[in-house]
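Protein chains in written order, with our numbering: chain A, 1 to 309; chain B, 1001 to 1314.
None of these hints come from the bench; they were simulated from the model. Do not take every clue at face value.
Claimed, not checked - Label pairs and their in silico Cβ distance ranges:
no.: 1; chain 1: A; residue 1: Glu3; chain 2: B; residue 2: Val1223; range: 50 to 58 Å
no.: 2; chain 1: A; residue 1: Thr233; chain 2: B; residue 2: Val1223; range: 29 to 37 Å
no.: 3; chain 1: B; residue 1: Gly1078; chain 2: A; residue 2: Ala14; range: 42 to 50 Å
no.: 4; chain 1: B; residue 1: Asp1237; chain 2: A; residue 2: Val13; range: 56 to 64 Å
To be verified - Simulated coverage check for chain A against chain B, where a stretch passes if three residues somewhere in it have a Cβ under 8 Å from a Cβ of chain B:
no.: 5; region: 173-186
no.: 6; region: 197-204
no.: 7; region: 217-226
no.: 8; region: 280-291
no.: 9; region: 294-301
All C-beta atoms in this analysis are idealised placements derived from N, C-alpha and C, irrespective of residue type, glycine included.
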Amino acid sequence: MLEPKDDLRHPLVASPHARESLFYNVLLPEHELMVFVYTWVNSAGEAGHLVTVVGQDNTRHAVSAIDGVPVGGADFDDWRVGGLRLRHTDPMRRLDFSFTGGDDTDLTLEAEFRATHAAFDYAQNADGCPAIIADNRFEQSGHLTGRLTLGGRTIEFDTTGHRDHSWGDRDWDSIQDWKWVSAQAGDDLALNVMVMHARGETTRHGYVLADGVLSAVRDVRTRAEYDEHWWQTALDMTVCDADGRETTLDARRYALLAFEAGERMALHEAGCRGSINGRDALVHVECGWDRHYAASQARRVAGENGSAG
Amino acid sequence: VTATRPLTHFTPDDDLLHDEISKAGPHARESLLLTAPIPEEQLLVFCYLWREGGSKWGRFVFVGGPDPDTPEFLSFEGDGEFSGESLRDFSVSGLQWRQPEPLRTAAVDFTGADGLELSVRFEGIHQPFSWHDNADGCPGWVAHNRYEQSGLTSGSLMLHGRRVEFTGVGHRDHSWGERDWNMLQHWKWINAATPDGAASLHAMIMFAKGEILVNGYLNRGAVVSPVATAEATAELDERMIHRTVSGRFVDEAGREMTLEAEYAAGWSMPIQHLLLNEIGMTATLDGVPAVAHVELGWPAAYVRALTSTDGEGG
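Please build the complete structure, drawing on both the sequences and the hints.
Rendered as structure tokens:
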């Protein structure tokens, strides 16, 4: 059972994979932009962040990445790492985050997040929260307002978004692949899904918020399409939840961020236009791959495209 | 044995080479496999042969034992010599393979210079089954088509002075078309049957492109039906060898079959960038004693990464 203090830091055992991380997104398809805000801290109290604004095909309009910043006992009620600041002003319900770029990052960002449902932790799923990804993690959809200034251009937004918070060991290299999807069709219809393959097993995580009921994911079927970089271009997904409901989602990419984690993994983050049960939605589709597998699939797709021409 | 609906009908020619399909192309191949687990003797007999690119033959024969690192016997020939008129009666580098009754029987004999005399007879319990009869179909990167068949086995082997006569159950397949191993992230190839052949199971659960594909059939009460859903979980040892496998399978007719299986004999076989862990298992199907052969396929680099870091950091 989550408590307000779960918005704050958790004790971490000293291990190479121990970490606590927080993530927020802002999807702005009308501007062909995706904002990706990620911050973390390890068991030694060293923090980092990745703040980036991307467009299509891994075009990075702004990027700030730092790591190894000593933060001592600082907590997430008022968290600063480099130019990133976030405050959990009303635990589990409201927060704000901002970013002010330095000389090399022409970006300022201010956003307020108001949760649209109770946070959902993966421990509530039948498959639980696998020890290789965290002791626990929670996911939450919300309403987002704020502004972004990039290259002298200011964009005001009043939209929906997503956040998560994870603590414990993260052993990227045990994972064979995964899909993590967050989506909102307004404030009252949203979902988060994670399907993970590790050690030959499949686990399913997340929730569906519909008709005022927040229900745990039970089963998921996905079919994705990929381009010649093995970056996902589209996703069709059907989700069955613990209340016996079936929810459908489709997504088409408008923005893509690619980066690497651990010794083996590549992460492909797609900002998408889409729908949930036929209602227009903002969708974030993250695919995690073994880099060698992703590279071999990219070569195959590139070859097929080439031979078709 | 009948089927719950009309299924792919193979002809006697499907026992033979499919040159129009398997002779050309970047991954063109044709292969035959026969497995005869003998769990009561802690042995697994595995015979495999193939043709690549329309002309290059290969074959291997191994007998797995209690130690998955070291087979009791292994003979591999990657550039083998084919002899025979057709696959009805032929040999590849000393591996004699006959298919006397089309689509039903096989007779495999091998005498190795270094100590194995092997003779296996296989009698199909039911008509060969095509993966095209499953909802997920037969992906083009696995094969153009392939058949799978449960069967009764009998035979003998003489190995290092030890003679074993056996009767049991096993499995065979025959595949033709392209095979692109690079598509696979992981798979579970599961075969089991009761000694009388009254119940048998074939299931393939593949992880590919981040999604799961399911193939196979249930055979019970003399009725074969395509698998609709397959769930299997394996307990892996510290080297990622499966020591037990549990599965639940439901066919198109809504029939359910459960499998419990435990390690008896096998070999962790390296092929290209993969590890194929071939394990003969003592099993039950719906609680009835059975014999199983379960192959789990892994990228070798993944296994190395996990087995070298296991235990690190707690």
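Counting residues of the region 217-226 of chain A that have a beta-carbon nearer than 8 Å to any beta-carbon of chain B, does the count reach 3? holds (count 4)
Would you say the region 197-204 of chain A counts as covered by chain B, given the rule of at least 3 residues with C-beta under 8 Å? Per the Cβ count (5), the hint holds.
Verdict for Asp1237(B), Val13(A) (Cβ pair) under range 56 to 64 Å: violated, 25 Å
For the region 280-291 of chain A, count the residues whose Cβ lies under 8 Å from any Cβ of chain B; is that count three or more? holds (count 3)
Measuring from beta carbon to beta carbon, are Glu3(A) and Val1223(B) in 50 to 58 Å? Since Glu3(A) and Val1223(B) have Cβ atoms about 55 Å apart, the given range 50 to 58 Å holds.
Given coverage of the region 173-186 of chain A by chain B, tested with a Cβ cutoff of 8 Å and a minimum of 3 residues: Three-residue rule met by the region 173-186 of chain A, so holds; n is 6.
Evaluate the given range 29 to 37 Å for the C-beta pair formed by Thr233(A) and Val1223(B). violated, 43 Å
Given coverage of the region 294-301 of chain A by chain B, checked by CB-CB distance under 8 Å (3 or more): Since 3 is at least three, the answer is holds.
Status of the given 42 to 50 Å range, CB of Ala14(A) versus CB of Gly1078(B): At roughly 49 Å between Cβ atoms, Ala14(A) and Gly1078(B) fall inside 42 to 50 Å, so the hint holds.
In summary, the structure is inconsistent with hints 2, 4 from the numbered list given earlier, while agreeing with the others.
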